[in-house]
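**Q** Protein sequence lines, in the order shown, are assigned to chains A and B. This note's numbering puts the first sequence at residues 4 to 167. This note's numbering puts the second sequence at residues 416 to 573.
All clues stand as given, with none of them false.
Quick list of in silico lysine-lysine cross-link-like pairs, DSS-like style, CA-CA up to 27 Å:
#1 B:Lys460 <-> A:Lys158
#2 B:Lys468 <-> A:Lys158
#3 B:Lys460 <-> A:Lys39
#4 B:Lys493 <-> A:Lys39
#5 B:Lys555 <-> A:Lys158
#6 B:Lys554 <-> B:Lys519
#7 A:Lys39 <-> B:Lys492
#8 B:Lys473 <-> B:Lys555
#9 A:Lys67 <-> B:Lys554
#10 A:Lys158 <-> B:Lys519
#11 B:Lys473 <-> A:Lys39
#12 B:Lys468 <-> A:Lys67
Keep in mind the hints are simulated off the structure, nothing from the lab. Since this is a predicted model, take the numbers as computed values, not measurements.
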Amino acid sequence: MQLTASQPTGTKVDVPMAPMIDIVFQLLIFFMLNLKILAPEGDFSIHLPQGEAKGENLADVAIKVGLRSDADGNLTQLTIGNRNLGNDEAAFERLNREIQQIVGRPGNPVVGDIEVELDADFETHHRHVVKAISSCTGHRDPQTGAVTRYVERIKFAPPRASRA
Amino acid sequence: MKTRKIDMSLSEADMTPMIDIVFQLLTFFMIAINFENTKADERVKLPRDMLAKPPEVKPEHELVLNFGFERNEDGSKKNAIPTIFYNDRYVEVGQLTADLEQEKRVMEALHGKEVIDKVTVLIRADSEVPTGLVQQLIKKCQDNGFSKFSLRATAEEK
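Can you build the whole structure from these sequences, using the hints too?
**A** In structure tokens, the structure reads:
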């Protein structure tokens, strides 16, 4: 049997690169112009806000957290129940520890029945409320980055009247 | 007079390294681009928190409300009263009812009557907005049938 190998012609086929480079540059410019360097964002869920959305109280235990502020919205007092925790960064850490003590060990089956009610003055800056929600929601270990969840159900007390 | 002959033969530049680099850049930008955050309004200075993490499961339907202050270029407030940034308009909380009704109508027309119970209202409120106004905004949304709410914060690394 005779094997016939096709004879290489030896001619070099030039692929036109110019259109591909044009398109690639167009794509590059599109993606460069659309790129926005943004920090990642996360959400905190609120369950039954205003405390009257569905007309039923699902929680067996409600922890009342209060945020008092001056007319400019600066925090003057953070409370849990009737206890004053202060008005600085350490106050939120104290709140976090208080919640941890109430919740007990992480993964406690009763945790699902615990609800936190936030009662904030009208003028209180939103960041203080988010900080309080975060302190009630859980704790993040600064070394390992591991998150321990405490209370998932957060609601707002009926809004207070504005001072203005 | 002697004249020097110039060699007119074309010398082709090697394009391969340039194409390699351009493809590398293209791949980087394609991966880095985040179309998810197109609803994020940079005028809103979100509160920062260590526990704020991007949700693992994205809500099926969401309504993003950016709530902040009109600001000058230097970041100072142009107007002391915070407004909702809604379709290139600045709407005060009290005047949002018509827009929320329209959002509800559009969602119901697109996804059916029951969709409103599945919509999560994502509130991107500026860190200095008074809490009372955020609660008023939530109340307005509740009056229009929305029942799920989330407050958004920027993830903080320590």
